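Colleague: So the chains spell out like this:
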Amino acid sequence: MRTAGVRPSLFPDIGARFFGYAGGLMLLLWDALRLIVTLRVKPSEVLRQAYFLGVQSWPIITLTSAFTGMVISLEAAAQAVAYGLSQLIGGSVAFGTLRELGPMLTGIVFAGRAGAAITASLGSMVVTEQVEALSSMGVSPTKVLVVPRLLACIITVPMLTVFADIVGVYGGFIVAALHAHVSSYVYWQSVQSLAGMSDFIAGLIKAAVFGAVVALVGCYEGLRAKGGAEGVGSVTTQAVVTSIILIFALNFAMSLVLFK
Amino acid sequence: MRTVLERDDRDPTQAAPPDNVEIRLHDVELRFGQKIVLSGCSLDCERGKVTCVIGMSGAGKSTILRVINGLRRPYRGLVYIDGKEISGLPERELIEVRKKMGFAFQYSALFDSMTIADNVAFPLHEHTSLTRTEIGKRVSEVLASLGLEDVGDRLPSELSGGMQKRVGFARAIVNDPKILLFDEPTSGLDPIIANVITDTIRDIHSNLGATCVVVSHDLNYVYSMADTIAMLFEGTIIESGPADKIRNSPNPLVQQFLQGSVLGPIPI
Ligand SMILES: Nc1ncnc2c1ncn2[C@@H]1O[C@H](COP(=O)(O)OP(=O)(O)OP(=O)(O)O)[C@@H](O)[C@H]1O
Ligand SMILES: [Mg+2]
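Protein sequence lines, in the order shown, are assigned to chains L and W. Following our numbering, the numbering of the first sequence begins with 1 at its first residue and continues without gaps. Following our numbering, the numbering of the second sequence begins with 1001 at its first residue and continues without gaps.
Chain L extracted, bound-state conformation (with noise of 0.2 Å):
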């Protein structure tokens, strides 16, 4: 038994959480990269997950994107107007859409359902003692678990984010013209003047770092699940939080990097 007095402070206990945390996650990275990179992947699994976890996805993904579209399309509009600059509602939605809207709610989304779904499955597993049974046939669940469901991820989420941001940009558009009256030829002049390939390719870049941040946050978590069915729930929720968090911070600083 420990005493009270040796319990160090509070803040090193949260560094070493935080530290001991980083550490999990990286070291699953590099145990998977190893894989992927001596090909030991089998690409139909890859598929099976990709295909599971993007159909699980994109209606929602829909329905955010297109009307977050259509709420900057609004408010544009509704300035726009009033000053006479409605050549710019076109843009400042695709500008919006594609550098940062885009990729973060089809992130934010793929979060709370497939790297939801992904911890659930393998916190099940774990508990079920599926992969202590993996193990003891000496085969790695990062293999055949982690590698999978981490390139999925890096695939689907930037074909989601596709078509978010045709989505969104459509949706802007919708309003637009039906709201503010702009015609079709203005909105989409303005989208190609103010909005780029390179804020296109920026989007998609963050999107595969987002897919790789939610399946590896996912599936740490998930091997990570202990006890019974309580276990899981629990580690489920912290998944997603700290993908979610992850996401956030993440696209931070890419957007400070990649649009300098």
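Hints may contain errors.
What follows is a set of in silico ranges between Cβ atoms, one per label pair, in the way DEER data are often shown [claimed, not checked]: (1) L/Trp-188 to W/Arg-1154: 49 to 59 Å; (2) L/Tyr-51 to W/Lys-1245: 56 to 66 Å; (3) W/Gly-1264 to L/Gly-24: 40 to 50 Å.
Bear in mind the hints are in silico, worked out from the structure with no lab data behind them. Note that the structure is a prediction, hence the values are computed from the model and not measured. Yeah, the Cβ is synthetic: ideal placement off N, Cα and C, and Gly gets one too.
Go by the hints and put chain W with the ligands onto chain L.
Modeller: Here is chain W with the ligands on its own, set in the frame of chain L:
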């Protein structure tokens, strides 16, 4: 953290087993947090023999099997498999050791997203270069020998607990490993199937010369298949030897356990 000092003060070569001992645990201590589960636990399993581990529920029997497989690392002590000390091996090297082992879990641990046939085929797909048809043939052979003919296409959740147990057993033996670890292979089975399982264990061991470690509560089956019986009590092997030696053991703990009596030195 396990310190290097603790490791260095015992010489791994000194405890190294003779050639006829395939598995040796030497003075193993294992903890979960503060709780000490195994302490001073030493066990020798002879090559090509069946060793049964008996003991009370919660004594640490499943834990011993996990230590042998390398799934749990001892806090102290040494574990030899086939002459090689494994408790200090990195995970990557453990893989080679584990490929030679089959492990049937107490609660089956079947992959619930795969069909029964895929579950049993899994070790073959991972570790052999057999073709799909050869694998299919071997899988149905093993399933049939355990009385599971027509379940190959079903999912584990569609099977009864006893059937799942047999599938787990099939998955452990399918690639003819040199070392087999069975955690309660007969619990939850009807007497006929339980006999099939014990016969299978006997067969595997006489045909393939595999070394088997069987954890069981079922004394009748233990007597009928064990070459050596080891009794685990409070994390230590307190008695081990052939069935007769255990039956006639003067140790009151062993006697109480064998008779299943409520009165005696074992606290309940
Ligand atoms: N993952 C774990 N975390 C904490 N304690 C554990 C863990 N696994 C096992 N234990 C503890 O270790 C002890 C031995 O467990 P073990 O499963 O080896 O027992 P057993 O002899 O197989 O029992 P049974 O016959 O009921 O299967 C138990 O007291 C258990 O509470
Ligand atoms: Mg047990």
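Colleague: I'd like to know which numbered hints this structure contradicts. Please list them from smallest to largest.
Modeller: none
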